[in-house]
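Number of protein chains: 2
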Amino acid sequence: MSKKLIIMARVNEYAPRDRNPHIPFTPEEIGEAAAACRAAGAAIVHFHARNDDGSPSHDPERYLATIRAIRERSDILIDCTLGQATIKGDEARAAHIARMKGGPAFRADLAAIDVGSTNIDVYDAAQKRFTTQDKTYVNNISTCMYLAKQMDDVGVKPHLTCWTIPFLRAADALLDMGVFQEPAYVQFAFCEGGIIGGHPCTIRSTLAFLDVMPANRRIEWTVTCKEGNLLPAAAVAIEQGGHISPGIGDYPYPELGAPTNAAVVDFFARMARAYGRETATPAEARAMLNIPG
Amino acid sequence: MSKKLIIMARVNEYAPRDRNPHIPFTPEEIGEAAAACRAAGAAIVHFHARNDDGSPSHDPERYLATIRAIRERSDILIDCTLGQATIKGDEARAAHIARMKGGPAFRADLAAIDVGSTNIDVYDAAQKRFTTQDKTYVNNISTCMYLAKQMDDVGVKPHLTCWTIPFLRAADALLDMGVFQEPAYVQFAFCEGGIIGGHPCTIRSTLAFLDVMPANRRIEWTVTCKEGNLLPAAAVAIEQGGHISPGIGDYPYPELGAPTNAAVVDFFARMARAYGRETATPAEARAMLNIPG
Numbered sequence: 001m002s003k004k005l006i007i008m009a010r011v012n013e014y015a016p017r018d019r020n021p022h023i024p025f026t027p028e029e030i031g032e033a034a035a036a037c038r039a040a041g042a043a044i045v046h047f048h049a050r051n052d053d054g055s056p057s058h059d060p061e062r063y064l065a066t067i068r069a070i071r072e073r074s075d076i077l078i079d080c081t082l083g084q085a086t087i088k089g090d091e092a093r094a095a096h097i098a099r100m101k102g103g104p105a106f107r108a109d110l111a112a113i114d115v116g117s118t119n120i121d122v123y124d125a126a127q128k129r130f131t132t133q134d135k136t137y138v139n140n141i142s143t144c145m146y147l148a149k150q151m152d153d154v155g156v157k158p159h160l161t162c163w164t165i166p167f168l169r170a171a172d173a174l175l176d177m178g179v180f181q182e183p184a185y186v187q188f189a190f191c192e193g194g195i196i197g198g199h200p201c202t203i204r205s206t207l208a209f210l211d212v213m214p215a216n217r218r219i220e221w222t223v224t225c226k227e228g229n230l231l232p233a234a235a236v237a238i239e240q241g242g243h244i245s246p247g248i249g250d251y252p253y254p255e256l257g258a259p260t261n262a263a264v265v266d267f268f269a270r271m272a273r274a275y276g277r278e279t280a281t282p283a284e285a286r287a288m289l290n291i292p293g
Numbered sequence: 001m002s003k004k005l006i007i008m009a010r011v012n013e014y015a016p017r018d019r020n021p022h023i024p025f026t027p028e029e030i031g032e033a034a035a036a037c038r039a040a041g042a043a044i045v046h047f048h049a050r051n052d053d054g055s056p057s058h059d060p061e062r063y064l065a066t067i068r069a070i071r072e073r074s075d076i077l078i079d080c081t082l083g084q085a086t087i088k089g090d091e092a093r094a095a096h097i098a099r100m101k102g103g104p105a106f107r108a109d110l111a112a113i114d115v116g117s118t119n120i121d122v123y124d125a126a127q128k129r130f131t132t133q134d135k136t137y138v139n140n141i142s143t144c145m146y147l148a149k150q151m152d153d154v155g156v157k158p159h160l161t162c163w164t165i166p167f168l169r170a171a172d173a174l175l176d177m178g179v180f181q182e183p184a185y186v187q188f189a190f191c192e193g194g195i196i197g198g199h200p201c202t203i204r205s206t207l208a209f210l211d212v213m214p215a216n217r218r219i220e221w222t223v224t225c226k227e228g229n230l231l232p233a234a235a236v237a238i239e240q241g242g243h244i245s246p247g248i249g250d251y252p253y254p255e256l257g258a259p260t261n262a263a264v265v266d267f268f269a270r271m272a273r274a275y276g277r278e279t280a281t282p283a284e285a286r287a288m289l290n291i292p293g
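Going line by line, the protein sequences match chains A and B. Numbering of the first sequence is given in the working numbering, commencing with residue 1 and proceeding in unit increments. Numbering of the second sequence is given in the working numbering, commencing with residue 1 and proceeding in unit increments.
Since the hints were made in silico from the structure, they are not lab data. Please read these numbers as outputs of a predicted model, since none were measured by experiment. Incorrect hints may have been included.
As the list makes no split between identical chains, a pair holds if one copy fits it or if it spans any two.
Calculated lysine-lysine pairs in the DSBU-like style (CA-CA distance at most 35 Å, straight line) [to be verified]:
1. K135 to K4
2. K4 to K101
3. K4 to K149
4. K88 to K4
5. K128 to K149
6. K128 to K101
7. K135 to K88
8. K128 to K4
9. K3 to K128
10. K3 to K135
11. K101 to K88
12. K3 to K88
13. K101 to K3
14. K149 to K3
15. K101 to K149
Start from the sequences, fold in the hints, and give me the full structure.
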């Protein structure tokens, strides 16, 4: 039996609806999308809280309301953001995590920590200019340790996002220190569409991460792609025992007709089954990642 | 005839003398080391200005005095630092560059620009702790553009240092914009000894950069390794048409008996010749890199 594949659906990020109208904003919309992704084969939903108009929300209550809306509709595991570059300050970024204490009904199972720093400006090749010139996404070691502690206190498992090879080396060191626990859930974030802060989404750039995977650590790794089709990295992940994190939050998938999140999950789940890997249920993913029940 | 190999000797960085007593500090010491490296096969010397006691100097006059001391002793090309994380602020970092205007005798031929941001804290695996937790080396796009402009104004060619794949993608974009000119001199900086801000110095991690080398650009690339033996990356560079940048400033080479810089250059030059690549003279390197005369 092949190892089961964990699909994490990245349903909305801060994507607008102009290129794909199916981006969910409200707690109810996110809850519905998550349930549909679960039915299509996803074990985890990754979401960003959004206001009704789609703007980013950093209100802890909005996070909790969204988590409740997801839990009411399915048993899918829940992974939330800390807001990336839209919010500053370690405490502010983790405010919704602290708010989850003691409440299994509104506590996320996982939350993202980016384990390093990189420039995230976007290059517009057609115009031969950067749309911004000063966007360094800074996550120093101290920040990573603080965020890990906040999550530990509440019982939320960190998922460790790696944009470059140094992020993976930092994750390895922080696992060595016991700041993070094994099995680690590591996500490689590829970058297309003019975002140059990570590796391009190619077979070789995926293998570049696997070449430096720490030996003798229990790591379950997954792949995502900002502003590009996940197919190349997904092919490597499906063949080499990794997992996948597709979704219209990252990329509108015009080549699939600007589909719903569930349709994107279904597309990748079929591809995995054709290769001989069945999708993991939330309960199976929980066991594989050792997420507190 | 195989392509000539450009050896850039990285003679001192901010290395102390406790692990290798041959680290040059003063203008005269750096000048002597540079001349010896030239005799051993180096075409370029990369240096950091140091005070007599070895502490970092950011005094533009100290840079100029060092350049004069190098020029008095050989025809080696000169590449200087902008001080990495030891000095803050774009203007301060480029103060010595501005001071070089109009003076070929005290003008460097090349100077380093790090084309991106990364965390540079050091992990002490034996103690299971980071020696620092907040060292993010920030070079945003705006900084890169400012430094390129300063160098252009003076006639100093930037050498583009890449710690991770996003740095190379930024270099490609800035070449596309005309901020940097081809042929570009790109340096891949590998990291060992607990520094986790770049790729480990392995054959595969070197190939990871080559896999994303921009197509159709004229790039002369070189390799260096902070706190580790350059051999694996040098092997790839020698075999695949790249160049090399060894030196005791980066690593004391205890396995070679804590040698002089010239002895390290000689070691790598012999290795290259054994493979069939002769070392480039300064004049040949100047032509290959299109450095203003």
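Is the C-alpha distance from K101 to K149 at most 35 Å within one copy, between copies, in both cases, or in neither?
Within. Shortest intra-copy distance 13 Å satisfies the 35 Å Cα cut-off; inter-copy 52 Å does not.
Status of K88 relative to K135 across identical chains (alpha carbons, at most 35 Å)
both (12 Å within a copy, 18 Å between copies)
Using 35 Å as the alpha-carbon threshold, which applies to K135 and K4: within, between, both, or neither?
neither (38 Å within a copy, 39 Å between copies)
One pair to classify: K88 and K4, alpha carbons no more than 35 Å apart. Within, between, both, or neither?
neither (37 Å within a copy, 49 Å between copies)
Are the CA atoms of K128 and K4 at most 35 Å apart within a copy, between copies, both, or neither?
between (44 Å within a copy, 34 Å between copies)
Under a CA distance limit of 35 Å, which applies to K128 and K149: within one copy, between copies, both, or neither?
The answer is between: 17 Å across copies meets 35 Å, while 43 Å in one copy does not.
When no copy is specified for K3 and K128, does a C-alpha distance of 35 Å or less occur within a copy, between copies, both, or neither?
This pair counts as between: shortest inter-copy Cα distance 33 Å, intra-copy 45 Å.
Copy assignment of K3 with K88, given that the CA separation must stay at most 35 Å:
Answer is neither: 39 Å inside a copy and 50 Å across each miss the 35 Å cutoff.
If the cutoff is 35 Å on CA atoms, where do K4 and K149 land: within, between, both or neither? Let me know, please.
Classified as within: same-chain Cα gap 30 Å, cross-chain 53 Å, threshold 35 Å.
My question is about K4 and K101: at a cut-off of 35 Å on alpha-carbon distance, are they close within one copy, between copies, both, or neither?
within (31 Å within a copy, 64 Å between copies)
Under a CA distance limit of 35 Å, which applies to K128 and K101: within one copy, between copies, both, or neither?
So K128 and K101 pass the 35 Å test across copies only (29 Å; inside, 48 Å).
Evaluate K149 and K3 at a C-alpha cut-off of 35 Å and name the case that applies: within, between, both or neither.
Intra 31 Å, inter 54 Å, cutoff 35 Å: intra-copy only.
When the structure is compared with the earlier hints, violations turn up for hints 1, 4, 10, 12 and for no others.
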